[in-house]
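> So the chains spell out like this:
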Amino acid sequence: GNSVTQMEGPVTLSEEAFLTINCTYTATGYPSLFWYVQYPGEGLQLLLKATKADDKGSNKGFEATYRKETTSFHLEKGSVQVSDSAVYFCALTDNQGGKLIFGQGTELSVKP
Amino acid sequence: EAGVAQSPRYKIIEKRQSVAFWCNPISGHATLYWYQQILGQGPKLLIQFQNNGVVDDSQLPKDRFSAERLKGVDSTLKIQPAKLEDSAVYLCASSLDRAQGAREQYFGPGTRLTVT
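Heads up: the sequence lines are chains P and U, in that order.
If you count by this note's numbering, then the first sequence holds residues 1 to 112, one letter each, in order.
If you count by this note's numbering, then the second sequence holds residues 113 to 228, one letter each, in order.
Bound conformation, chain P alone (with noise of 0.2 Å):
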């Protein structure tokens, strides 16, 4: 079945310092692919996403390309700020309008 895998957290960074949070699948077909953040005491909120191969999500300095050489949706951001510390969800659909499967999260925090 369909699966989504991340790196483990928590991951600490200093604040500026650049960001990698990695992200591979397991789908049949063609997914798209979705980073989703839930920030402390909110709700799920859609970072970017990708519906195809080759294309690059971004959205508030933060990129992901759809890989599927490699099955891969790395999340990146070239310098983090403290309000970005959150919890980071890699997900997928399988495009027929059905559920998300998400992976673990991963925890970031961002330090001054």
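Just to be clear, a hint being listed does not mean it is correct.
Heads up, simulated EDC-like pairs for lysine to aspartate or glutamate below, C-alpha to C-alpha not over 16 Å straight-line [what the hints assert, rightly or not]:
1) U:Lys156 x U:Asp198
2) U:Lys174 x U:Glu197
3) U:Lys156 x P:Asp94
4) P:Lys68 x P:Asp84
5) P:Lys111 x P:Glu42
6) P:Lys52 x U:Glu216
I should point out that these hints are in silico values taken from the structure, not numbers from a laboratory.
Using the hints, position chain U against chain P.
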């Protein structure tokens, strides 16, 4: 535009008791999802509705969990009787339709359930 509303935000019950959660999706959204998020894990789909019909309930523990969306708008998720392992955050999400759901789902703030 109002977002997905859920209540209550927090609930503490003893094992074997019953509990119900309510969700009101974004106006006009035909597809509604309930997810369970256990601490330290990603959310897992429990049930998906299209209007008032069930699309997917394959991971719903039907011996204790039930859900309904009678008028195709708001929805209720019930647990009866609760077990300790049901402690989790229950998230409701909605999308305009199933096609949009493959591109974006909008999440509510969740209900945090603690079973003691």
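> If a hint holds in the structure, say so; if it does not, say that too.
Hints and how they fare:
no. : hint                : result
1   : U:Lys156 x U:Asp198 : 13 Å, holds
2   : U:Lys174 x U:Glu197 : 15 Å, holds
3   : U:Lys156 x P:Asp94  : 15 Å, holds
4   : P:Lys68 x P:Asp84   : 27 Å, violated
5   : P:Lys111 x P:Glu42  : 20 Å, violated
6   : P:Lys52 x U:Glu216  : 15 Å, holds
In this structure, the earlier hints numbered 4, 5 are contradicted, and the remaining ones agree with it.
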